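Colleague: All chains, please: the whole structure from these sequences, using the hints.
Protein chains in written order, with this note's numbering: chain A, 8 to 352; chain B, 2 to 190.
No wet-lab data here; the hints were simulated from the structure.
Only a predicted model underlies this, so the values are computations on that prediction, with no experimental measurement involved.
A short, non-exhaustive set of chain B residues, derived as facing chain A with CB atoms under 7 Å:
#, residue
1, ASP48
2, SER101
3, THR102
4, LEU113
5, TYR116
6, TRP151
7, PHE160
8, ASN167
A virtual CB, placed ideally from N, CA and C, is assigned to each residue, including glycine.
Take a look at the letters that make up each chain.
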Amino acid sequence: MKYLFINIVFSAAVVLLSGTAAYSESAAFGFFVNESGNESFNYLEKILPNSFAGTLKNRHNFDIIKPAQIPSLTFEEDNNFKTELRERDLKNVTDNVSADYFIYGTFKSLDNNRILLKVNVYKKGTSSVFYFEEIGYLETEIFKLVDNIALQISSIASESAIYKNEKITPKSKLSILTNIDGPDLNSLYYEFMKGGYRLSATQGNSLYGLIDDEQINRFYHISGVNASFHRIHDPKEIELMYGTWSGADYYKSITEQKNSYDKYAFNYIKTKNDVLQKFRESGTDNSDYLIIIGFDCGRSTAWVRCINIKNNKLIITESGIKGSSVPEITKNIISSLTTGLPGTK
Amino acid sequence: MTSVSHLKKIVIFILTSIFIVSCSSKKGLIHSSAKLSPNSKIAVIIDSENNIKNAVLITFLKQGFRVKAVNASDLYTMKDVYDISDLKKLSYNMSDDTVSTVQKTYDNVYKLHVYNFELNKAETLKQIRTEWDVEYIVLIDLKNWEKVSWARVINLRTFEIDFIENYPTAYNDNVQTITEHFIQNITGK
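Modeller: Listed below in structure tokens is the structure:
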């Protein structure tokens, strides 16, 4: 019996300590392609990824691989490869890259010495990409921009996949979509109301919830005008063949299918913008934010996504928020919504 | 102290934790942003047999509320007319596909459907406010002993949730006592 007790204690210690073991994420960088139409900015194509890589290594403990260390990228540099890196090519490009994440993007010079950066973070072996934009100033302010982007990358390239660019202050009006209802939904609302938030009657105006534990995961991927966490799509996957052999009815059917994919997959952000526009103009609800919360079946973890309804920007994502009950998880979600990225104030 | 007594303590600790967690899910809670005047114009939404529905409405009427005939004008309850859970399975559950673009399309159609559905509900609430002259929607779900009855009040002027309460139903509670309890907290009187 004594040995049994020692075994239990030892096993518990191993479980606890294993959670605190040090682990470095690894990231490989592709080039950041100059989309300015001005060759004088070409020097940034290598400097930007190298700067992000250096900051991630020195400040965020990442193991990094710079673009020059990836033979496929450097080899094809003069072969227009840089400008043609498409999401559907990511699996092939990263096949021989020994890193957890692959990061690449583009940049464009703007007026007033500003620069727009578009950053893609691909987790190797998955079929999703996290994309976000940042605008900053060149020259002396470039270091600040590099630090900001490195911080965003390190947060996205983590188990919780955290992205934040805005805090939600109390008194904001929130529309919440989630997969709980009845007293559980009340207990979620309670925490938000206690925190000083105003709650829209969205979903709360029904006796029963319509979104179940499986359906809420359709909201796991989300897009805004400034950032998105999306599935990689490939128009080539869809075979909509037609030709002189196809009759009028068949052609009509194919065209309808093509329009559906255009509307709901390839140009989804525009379609969604139109819906949100209707929401804003209906005059029935003047919410500031749409918050989507997905609880797991056991109600022990949740993920959260937040859209600013006024400008359709994706402002917060976080997964793996833990707690022993719906109220405790909700408290942790509110804490996440009201604070900056880990390591910032 | 022997290892047996240690084990006993561990087992007792685990059982106590489970008990506390199960109790916390049935804990009562209440939050109110604004109190309702007893002569407010309300619509009570409740999915129960009509005799129970009547008992709830009578309790509100006795307190002076002007109860509009929304949801009370039906001869049938919601569940008699259609089963929501069947409907959603028919409408939403499409077969999974390994093709990423197809899956993305399915997901996005579903998302837009939910957004539009919520938009339509908001439009309906607007109609209830303007055409039925209702100021507040009161949602009530009554449950038996050891379960949680709950209520929610929606202000149709602001489309905001003004009041929520989870009330663990007591052994000696009935429809009237639970409704009176909610009314007391909704009005603050």
